[in-house]
Every structure is written in C-alpha cells, then in structure tokens.
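Visitor: Residues per chain, in single letters:
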Amino acid sequence: MTTAAVPSAKPYRWWHSRAVRRFCRHKLALTGMAMITLLTLACIIGPHVLPYDMLYIDLRARFSPPMTGDHYLGTDPLGRDIAARLLNAGRISLLVGFSAMLLSTLMGALVGVIAGYRGGLVGAALMRFTDAFLAFPSIFLVLALAALLKPTPEMITIIIALTHWMEVARIVEAEVRSLREREFVQAGRMLGLSSSHIMFREVLPNAMGPIIVAASLTVARAILLEAYVSFLGYGIQPPLPSWGNMLNGAQQYLAQAPWLAIVPGVTITIAVTSFNFIGDGLRDALDVRSDHM
Amino acid sequence: MPAFLLNRLWQSLVLLVIVSIIGFTVLNLIPGGPLAQFALDPGMTQDDLDRLARQMGLDRPLPVQYLDWAGKMLVGDWGNSFRDGAPVLDVIGRHIFATFLLMGSSTALSIAIGTWIGIRGATHRYSGFDYTATIGAMIALSIPTFWFGLVGIYIFSLKLGWLPAGNMYTIGDGSVLNYLHHLILPSIVLSLVNVAIWSRYMRSATLDVINQDFVKTARAKGLTERRVLMKHVVGNALLPMITLAGMQLPGILGGALVTETVFTWPGMGRLFLDSLGYSDYPVIMGLLMFSAILVILGNLLADIVVALVDPRIRLG
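Top to bottom, those sequences are chains A and B.
Heads up: the first sequence begins at 1 in our numbering, then just goes up one per residue.
Heads up: the second sequence begins at 294 in our numbering, then just goes up one per residue.
Rather than coming from a laboratory, the hints here were simulated on the basis of the structure.
A hint or two may mislead.
What the hints assert, rightly or not - Listed below are several chain B residues computed to face chain A (Cβ distance under 7 Å; list not exhaustive):
{"id": "1", "residue": "Leu308"}
{"id": "2", "residue": "Val312"}
{"id": "3", "residue": "Ile315"}
{"id": "4", "residue": "Met349"}
{"id": "5", "residue": "Ile432"}
{"id": "6", "residue": "Pro437"}
{"id": "7", "residue": "Phe439"}
{"id": "8", "residue": "Leu443"}
{"id": "9", "residue": "Ile448"}
{"id": "10", "residue": "Leu453"}
{"id": "11", "residue": "Gly454"}
{"id": "12", "residue": "Leu456"}
{"id": "13", "residue": "Leu550"}
{"id": "14", "residue": "Ile577"}
{"id": "15", "residue": "Ser584"}
All C-beta atoms, glycine included, are put in the ideal place defined by N, C-alpha and C.
Build the full structure now, drawing on both the sequences and the hints.
Guide: Following this line, the structure appears as structure tokens:
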C-alpha cells in the first residue's frame, strides 16, 4: 500500500491569514501602526541621542522657544530641554497605557469568563457589579483614587485598569454565555476536562476578536486619562516626566510660552489617534460588529 | 409597559445598592478612613482618635457600619464638608446649576451638529464628506479635552480676545448675555467629543433604517427624498439615540468635569477638584455617589422615554 499523495498543503502562516491581509489594506490602521512604531522607537533611542539630559537645568535658557540652539523643542520654565523630557515622558506614558490595557483586559476577561460560564447567581451578581462600576464617571473614580492613594506610575496603572475592565467583561460574558451550550464545550465536559481548561483554553479564544479591539481602544483611553490626571497634579509626580504632567504648568504660561502646551498636547493627540486608527483597522480585520463606530 | 418599567426600576435599585457598596469601600480606602478629618488635627493623640472611633461607631463590624452609613445617605444625611461645615448635599446643590447649564448647552449643540453629520454621512455613504467625518470623528475622540480647552483659550481669549478665558460670568454683571458669552467656549470644547460620538452613532442608526422596506415603500409612493428622510428615516433613527444619550451620561459628566477645571467653571467638576485639594473627603464621596446616582437615574429616564415613545415597547 502506498501512502496517498499528501496534497502539498501550505504550512500555516499567520501573516497570510485573512485578518492580517485585511488589516494591511486598512490605510488608517497602517498609518497608526507606523506612527506608534516611530514614536516608540524615538522614545527608546531619543534620550540617548539628544544633547541634553531631561533633568539638566539650563537657567540661562529658560522659556526658549523651539529651535533655539540645541533645544529643538524649546525649554520649560526651569530651563529643562523639552525634547528630552517629551521622549522620556513618552516611555512612561506609553508604558502606563500598555500596562493598564493588559491589566484591565486580564481582569475583564477573568470576570467575563467566570460570569458567563458559571451563570446563575454568581454570573448575575458579577454582571450587576460590572454595571455598577460603569455608573461612575471613570474620571471621577480615577481622580479620587489617585488623590487618596500614592500616585506612583504603578499605582496609576492599577487605578486606570480598575476603572476600565468593564467593557471587556461584558464582551466576554456575552460571548461565553452564547458558547456555553455549544457541542465543543459539551464534548470537553464529556472528556472530563476541568472547568478552567474549558473556560480559558476552549471558550475564551473564540472571543479574542472583540477583546483585541477593545484592548487597542483601552490603550488610547488610558493614555488620555493618565494625561488628564497628571495634568491636574494627581498623577505621575515630577521630576518623573509624563506627557500629562508636562502640561501641568502650561496653562499658567499660555500667553508667553504656548509651546509648553502645544508640544506635549500634539504628541498625546498623535499617539491616541494612532491607537484609535489601529483599533478601527482591527475591528474591520477581525470582523467585529460594534455599535460604537 | 408596567411590567417592563417595574423590572427596570428593580434593576436600578439593585444597581444603587451595589454602587453604594463600592462607594463605602472607597470611603474605607481613604488613609485614616472616616477619621481622616480628625487625624489631620495636630493636637489629636492616639487615645483621642480611639475614643472618637468608638463614638462614631467605627469599632463595629463593617456590615453594620455600612448599613448605618447607607441609611443616613437614604435620608439625605451625607455628612458635612470639612471646609465650611455645610451639609454635603447643600454644597453639591450650589454647584449643580453651573454643570447642568454647561452639559445642557453642549448636549444641544452636539445633538444638532452630530445628527446632521450622521445623517449626511449615511445618505452620502463613502463620499468625501463621509470619509472626512469618519476620520475627523476619530481624531476628535483622540484630542485630550483639557488640552483642546487650552488651545481654545489661547486662540480665542489670548490672541483674538473674543471670548473670556474662564468663569461663568463677570462679577457685577449678571446679565443673560454675559452668561452666554462665557458659555460659548466651554460648550464648544465639551462638544468636540460629543459631536464625534453622536455623529458616528447617528450614521449607523440611519444606515440601519434607510434600507428597510417602509423607507422603500415611502420612496415608491413618490415622496420626495427630503420628505422620506424627515418623516420616515430621522424619527426612527433618533429612537435608539435616546438610549444612547442615557448611556453616554457618565462620559458627558466626566467631560464636563474636565472642561470645568480648565475654564474655572463653578460646577461639580470644579468642586470635585477643589475638594481633592482640601482633602475634603465627605464632599469627594458625596460627588462620587451623586454622579453615579445621576447616571443610574439618567439611564432609567432614557428607558422610560423610549418606552413612552416607542409603541412596540409600550404595548408589547
């Protein structure tokens, strides 16, 4: 008996998948990807290349407008180089955004899976809890917690995550609830797989699309929130720079030094726009039906 | 209808209870807990604090304390401000008008503009206008509101001198025109995000309606496109917007807070920030609970309005 000629199946390559191809056709999403990559690289490499350290105080060059000497983006009221601060701040702001996204997505997925799979009283209680969290305007909650607790970057990350897990929880709960009775889950149960194995290995991957889209938008929101809280002085504390706390004194000096407001503000807008573009592309690529956009 | 509304009412009540539990937890997260007010006083010894804790009933089990606290909230005893000793509800009451004024004018503005953009985007789908509106909305959602406020102040107050940079009115001039003059810039700033959200939802709601049979029938009857749009499409597309307005309430409220802080607008947001600065925990807690209650009531109201307007729910 000869072995049947195996059709030369192409090996599975994730970058050939439909989702990736569709994402690559989405011009806005690609633009967003490119901008975020550039920004991230600049934040990683920039501080090593720039002529000034972010903490170096050049008292003779206070309030220099952009493009004076080696201060490409000007200096702040203390005479510190804005370019150096901006890129160092980017490390913190982007890191807070990403970590908050990871943490909140994890929390949301956990709550959603348990609520959806268990159902019954536990599920109902968890989802009402989720609704209750959604009733608080997140800015009020974040500000109150940031003012009460010690505002280190880690704490700000945790606080933002604590107020942004609800959307993912709702998505996952709905998905899991609809999948719970499907054959492959029953088959898993019959095979004697543990509940946690079925929940996290069999059911959850089916909800990956909406989760990824929600996550990309959460990065955008986390960056905005960090910026606002730090702008008010309750977020990342100086001398550690963040895009938000660079704007802290900007309103005071708006008339004499508008670049203090413009430079970080434009950077935040570019970063957040990029993540929103990426989220939009992912939504199209992963075929996520959304009522939002 | 009564069954549906009773069900919604019951859900809202359950939600309120959970919200109060979250609020109580936050209260106990405060360093020093409910005693924080007294711990700030340098003349306080540990013995004094312990005695106070017993007096205030803080040595009781947490569930008992919660019931006591929630019961007081229920009868309107929300504690007193650390700053001037005034009851928290009075303090909040003094700031509601300014916030509602700002939210109201901004919401009216965003609904007007957003509805127009959304409908036009849907009827001219994939046109230049539609693409510009889509990308514009995404950028608008990405601009930090407080920073947009700064840019507005820089251009319209500092450079052009057209609009005031803050406050709700000029002291000594309480005329309506003066209020309106101060209202313009903050309303526009707060509307940026709301217009973006509203126009996106309106676009998709219009698209949902526009291809339905009754619209085709209306066209087949020979109605003008304008009449089809105004009479058959817009009304039906606006219906889900009522629910949306309720759902967006926390966002609009949060946006108002942000806008108020930049424009020194004497509303709840400004009060919240000032209270944070003074560690005025009763007012902070009060505002947190008040805003959540407002959101729950807003959602309930939206559902009631939808039920009243939509015969399918009213009669179903």
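Visitor: Each hint needs a verdict: does it hold in this structure or not?
Guide: Cross-check of the supplied hints:
{"no.": "1", "hint": "Leu308", "verdict": "5 Å, holds"}
{"no.": "2", "hint": "Val312", "verdict": "5 Å, holds"}
{"no.": "3", "hint": "Ile315", "verdict": "6 Å, holds"}
{"no.": "4", "hint": "Met349", "verdict": "19 Å, violated"}
{"no.": "5", "hint": "Ile432", "verdict": "5 Å, holds"}
{"no.": "6", "hint": "Pro437", "verdict": "5 Å, holds"}
{"no.": "7", "hint": "Phe439", "verdict": "6 Å, holds"}
{"no.": "8", "hint": "Leu443", "verdict": "5 Å, holds"}
{"no.": "9", "hint": "Ile448", "verdict": "10 Å, violated"}
{"no.": "10", "hint": "Leu453", "verdict": "13 Å, violated"}
{"no.": "11", "hint": "Gly454", "verdict": "12 Å, violated"}
{"no.": "12", "hint": "Leu456", "verdict": "14 Å, violated"}
{"no.": "13", "hint": "Leu550", "verdict": "6 Å, holds"}
{"no.": "14", "hint": "Ile577", "verdict": "6 Å, holds"}
{"no.": "15", "hint": "Ser584", "verdict": "5 Å, holds"}
The earlier numbered hints that this structure contradicts are 4, 9, 10, 11 and 12.
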